[in-house]
Amino acid sequence: MPKLNADFVADWVAMLRSYLIDEQRWPAVEITALPDGDLPSHYFDAQRRRIASVPRTIEIGDSFVCPPDYEAGWTMLQEKVKKGEDINGHLSMGHISLLNHDGLLAEWGVHHFHLGTTFHPKNPAFADRTGPLVYAIVGNEAFYAINVYDHYSFENIDVLESIHRNWPEMISRYRAKGVTGGAWNKEQRRALRRKNANVSVTTSDGTVYMPIGGGVVASGINMEAIRLADYWFLKIRGFQSDFEKQLASILPTLTQNRYAGESTIEAELKSFSGENAQVFLPKYDVLAKVTLIQSARSP
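Numbering (the numbering used here), first residue to last: 1 to 299.
No wet-lab data here; the hints were simulated from the structure.
As a list, the in silico DSSO-like pairs of lysine-lysine whose alpha-carbon atoms are at most 27 Å apart: (1) Lys270 to Lys283; (2) Lys289 to Lys245; (3) Lys245 to Lys270; (4) Lys195 to Lys177; (5) Lys270 to Lys289; (6) Lys3 to Lys245; (7) Lys245 to Lys283; (8) Lys122 to Lys80.
Start from the sequences and build out the full structure, keeping to the hints where you can.
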């Protein structure tokens, strides 16, 4: 039985790196500088920062009020949300960088959107900047508009109170029982966020929440991003082991494409999703398409 000469994990990391640079247009200098071991967690962290362009319904919080001077911008943003147009240009320009620290998003999972109706004069990829901002949680199918706040409200507990009041089930998994939550003022919360600290907080009715944004590790990376990176690393490493054990099943095809009993076979992972994988064997110009068993599928 021939041995497999491959590193599917390295191939996967290279694919993620290319996707971040070529498809999502994150700064090539930043992405290229990331070590292979850190790249997957940054990739998954990037997906919560960059909003997918898909149609969404809009749910509006009970205290939502848009200042009259910004109604046109709010109407424009709503239309983009409903049509599935790109709304990333309404986010902070700090999100140009994958390494940008966004405490509001990290702790509470909340994006803030500018309400400009024209292009930014220095960077037309963004809408013009505004003082008032729409704070919202963006789900796969819905846009949850919390309220309009300013740039000094990122640590305002009213943001969490509104989410708790309007959409309690959406954040129910982050409720903590049997523990006492803290009551942090804005300055304290800002300092905690800068240190990437995860703390519990108590709402006005006594409900205690852990960070509803999922929490972060010491480096500031989202915990769920770390979990996904670890999950896929193990799955891809396991898939390589399984693929090598199944080489015998594709030897007839390789024999038809110049395989002559070599002791090693080089292979490259070309794609790996929840359902299928593609492995290229360059010497024989063969692309093997593999249907994954349940244990190798996504979490």
